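J.: Sequence:
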Amino acid sequence: MPILKTFFKQACPVCGRPLFIPVDLLGKEASCSHCSGVFAADGQDATLQYGGGIWSDEQKQETKFWQRLGYHADSLHEHAGC
Numbered sequence: 167m168p169i170l171k172t173f174f175k176q177a178c179p180v181c182g183r184p185l186f187i188p189v190d191l192l193g194k195e196a197s198c199s200h201c202s203g204v205f206a207a208d209g210q211d212a213t214l215q216y217g218g219g220i221w222s223d224e225q226k227q228e229t230k231f232w233q234r235l236g237y238h239a240d241s242l243h244e245h246a247g248c
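For this note's numbering, count along the sequence shown from 1 and bump the result up by 166.
Hints are computed from structural coordinates only; laboratory data are not their basis. Since the structure is predicted, the reported quantities are computational estimates derived from the model, not experimental observations. Watch out, some of these pointers could steer you wrong.
Unchecked claim - Derived EDC-like pairs (lysine to aspartate or glutamate); straight-line CA-CA distance at most 16 Å:
no.	residue 1	residue 2
1	Lys171	Asp190
2	Lys194	Asp208
3	Lys175	Asp190
4	Lys175	Glu195
5	Lys175	Asp208
With the sequences and hints as input, model every part of the structure.
T.: Laid out in structure tokens, this is it:
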């Protein structure tokens, strides 16, 4: 089982690109990996992301399976009028 790290997604205020920032940097200074702009990692309008661990091929395939299954279930609900 991989060790998962939690990130939040925040746009760089300098270049606008989306960044995945570890939650332990929340409220601290961060820098953009694209433009090197420095900003406060404030988490405003951020979404949490889980991951960052080392996944086995089996875990990657299982995740893809469940994502596809969820997609198909959503499609069925739309067609059924749910």
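J.: Confirm or reject each hint.
T.: We went through each hint and held it up to the structure:
1. Lys171 x Asp190: holds (10 Å)
2. Lys194 x Asp208: Holds, at roughly 8 Å.
3. Lys175 x Asp190: holds (13 Å)
4. Lys175 x Glu195: The given pair, whose Cα atoms are some 15 Å apart, holds under the 16 Å limit.
5. Lys175 x Asp208: Holds, at roughly 11 Å.
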